[in-house]
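> Chains as they are written, first to last, in my numbering: chain A, 2 to 369; chain B, 4 to 266; chain C, 2 to 290.
Honestly, the hints are just simulated from the structure, not real lab data. Built from N, CA and C at the ideal position, the CB exists for glycine as well. Hints are not guaranteed to be accurate.
Said to hold, decoys possible - Computed footprint of chain B on chain C, listed as stretches where at least three residues anywhere in the stretch have a Cβ under 8 Å from a Cβ of chain B:
1) 58 to 69
2) 83 to 92
3) 122 to 131
4) 161 to 171
5) 263 to 276
One letter stands for each residue in the lines below.
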Amino acid sequence: MKDALSFEAVTKKYGAFTALNNVSLDINAGEFMTLLGPSGSGKTTMLMTIGGFVEPTAGHVTLDGQKITHLPPENRNFGLVFQGYALFPHLTVWENVFYPLRVRGMQKAEAEPKVRDVLELIQLSHLAERFPKQLSGGQQQRVALARALVFSPELLLLDEPLSALDRALRKDLQRELKDLHERVGTTFIYVTHDQEEALSMSDRIAILRDGQIEQLGTPSQLYEKPSSIFVANFLGKSNFVPVHDLNVEGADVGYSVGQDQFRFSRGDASLPQAGELSLALRPERLTLYGNREDAPENCLAGKVVKVTYFGQLYEAIVSTQSAGDLLVTVDLAHSEPRIGDRVWVGWAIDSGVILAGRPVDTDDAYAG
Amino acid sequence: MATEENRQKVEMSRVVAWMTTCFLVLPILIVIPVSFTPKRYLSMPEGEWSLRHYDVLVSGGWLSSIGDSLLVAICSALLALAMGTLFAVGHWRLNNGVTRNLRLLLLLPMIVPPIVHAVAFYQAWSILDLLDTYLGLILVHTMKALPFVVLSVTASLVNLDPRLEQASRSLGASARQTLFYVLLPQVRPGMLAGGIFAFITSWDEIIVAIFITSRAVYTLPKRIWDGLFDNVDPAIAALGTIMIIITAIGLLIKDWYEKAQKT
Amino acid sequence: MQGEAGIASRSSPLGKDTAYWGMVLLPAVFLATLYLVPVVSVMVRSVTEPTLGLDNYAVILENKAIRNVLGKTVYICAVTTALTLLFGYATAYAMCRMPEREQRLMFFLVILSFWISVLIRTFAWIAVLQPQGLLNDILIGIGIIDRPLRLVRNDLGVIIGMVHYMLPYAILPLFANMKTIDPTLVPAARALGASPRKAFMTVFLPLSLPGLAGASILVLIFSSGFYITPALLGGGKVVMIAEYISVQMSETLKWGLATSLATVLMLVVLALTIAMSRYMDIGDTGKKA
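Just chain A, with the same shape it has in the complex:
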């Protein structure tokens, strides 16, 4: 598959502040690519560079091999859905959707079927004569989508399009967006700071941090094999167990937590070199056992200190001597953990990933 859009060593500086630092990224045609990161990480700058609103200080943006770095936005033929939707308040829904065709010199009669089709696609045909402020947030969002799609753009850029909506509606629209992506087949480049949104919708995710891509991969790659503590922390919840004395024997790695020895089957994952190391373990990869015999090879003794009920599962915090407090999810099939229970926390030898460094603040280990 040919590359649809590429960043080639793009840097963007605002005075002393570096918004993008030597970023390279290839986005495939037809892909749903998400740029995920905390605010100030450079994800919106990246999107606006693609849109043509930000000129890089250095580097290039190419589309199918053509440099488009200095092309004005109106000549790029990219659809862009803004965070606040940016619907024109003086135009009706129909006129908003007609707008990109109008500025391309199309007459109303000629545009009519196109506008009708795209309004049908988003199921808003009945509201065509309304003005934006007469619509609900979700409807406005869909109009913005229709307007960005009506001229068959080569790319659709979405800047946190769902952030202004409430949670339930956001879930519905996530599904709709994903459907829409499959139906229209256009490349979607999606900016968000919501990790759940990113995981559930994307083909690939680029995690940004301080103007650089921290890790690029499919949602499951990023979730299961984060390359850094930052990524492990940013996507979902993670326990970070300080480990030492790495002993590599082919694909098997021995390591110590406190005085105890453990084994890790790393597969083809690379290992960090020397320095402080942590084993990142997802709470759902940990299991509680009543006694040592049932537990797997890798396990630690501990005591349940806190239990929270979430409806579909429990979350227990188990205090261990050598690994500190560990967060463990327990599904309802298991018996309910009780505070004060003496338990064994076990994990499979291929679970988790060994990362360089330690989390800055231990509280971060439980941060969503």
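We have chain A already, so just place chains B and C on it with the hints.
Using the frame of chain A, we list chains B and C on its own:
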């Protein structure tokens, strides 16, 4: 991002904007050098600078005119402030068809051209024997300043929760106590702005003053007006310089105050 | 806001409102007696002096000198409003897009000029524009002209002075209006394929039209009754309606004519105000339902 995307148009309008701003400010600033001319007529000082026109300000009739202006402006600002605040709070609380129409009446002096005021008050005050009296001028200035007080106090009431009043009453406060302990403190910023606006309205008012005062009441604008007609007196430049400096300081204080409020 | 306050006042027993009615009525009665009566009596006098009837208005329609004054007033107001809006719009537009520090500086300078007394400003213009004034000195000094240009005591001087006075009244409301336009709309138009020019014409301009209309009427209202600047910079050569009224009142003592012209001026201004209220909240700050 907006600055980059249509840089050229912004650059063009920015040039026009700065030209316009220069057009607004530079001619006014001319009065500063002119005020230091050693000559008796309007000119730029060439080499030699002099303070003689500032001396005139403290020795001539200017001082008594400043006194007249201060007296009239302070009295009318206080009167307008009292009445305007009462009205704004009452209207905020009642807010029905009657008070909305009364509000239009109170805003009327802002809209009616000053020359119409001049005709109206010249007639009326000659019947009431108020021509060329402090009271006559104070009354007119109070009425002209009222709209500004009503507007600025109303503005500070817009975001006030009407339930505050109910809360205060439920806690045992009387209507009067509620007014003084709850409502008035909330509108203090609006009153301050309105009071300053009212003061300046009176301090600057010239057209009605030209027609309803002559010798007994001689305000600063009237003296400047006469000075402009007789011969263009450089003392006005000295006065203007002082007023520009006071205005600039006042605005800087306001900016500084607003900044301090924010942080 | 209005709804809530309305409910609050209705829901409380009638007796409690007495104090508030007092607060509203005191200034209202003050204004009704000392303001409304004198102003209405201007209108009354216009149809009673010297004789009962509309004679004065007939004179206004027939008299050539008065027609000239009215024509001059309309002409000066139209030119002033057009120039003020043109430059005011460009200034407000640029201000919206400036870096914050620059915007604050410009805002400060506009406000500064706004607060300087009209007399001082007119004085300054005399110093600049008069035959021995600064501008003529400079132009002669650098050899562009060899005789002073006539810049005051004519339409040009009056228009310069009036545009100078009116500009803040256009810039400030236009700026306030433009700030309410969502700054992502123009970029959105660009992303959808509009050139900068087209994005401005199809998105920004239509959205700023209400502000533009409001500001134009505001400037028209102030310029139509303007007295100081025409009187000083026109130097008796450019007589607009306000100055003409003052002459009737203080020199020729034609009170019937003065009051009828004042009535006409007042009615025009009130009509403009009603028109303006469609585009601007006249101090109806946020209280519109």
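> All hints, please: hold or fail.
Checked hints:
{"no.": "1", "hint": "58 to 69", "result": "violated (count 0)"}
{"no.": "2", "hint": "83 to 92", "result": "holds (count 4)"}
{"no.": "3", "hint": "122 to 131", "result": "holds (count 9)"}
{"no.": "4", "hint": "161 to 171", "result": "holds (count 3)"}
{"no.": "5", "hint": "263 to 276", "result": "holds (count 6)"}
Against the hints set out earlier in the document, a violation occurs for number 1 only.
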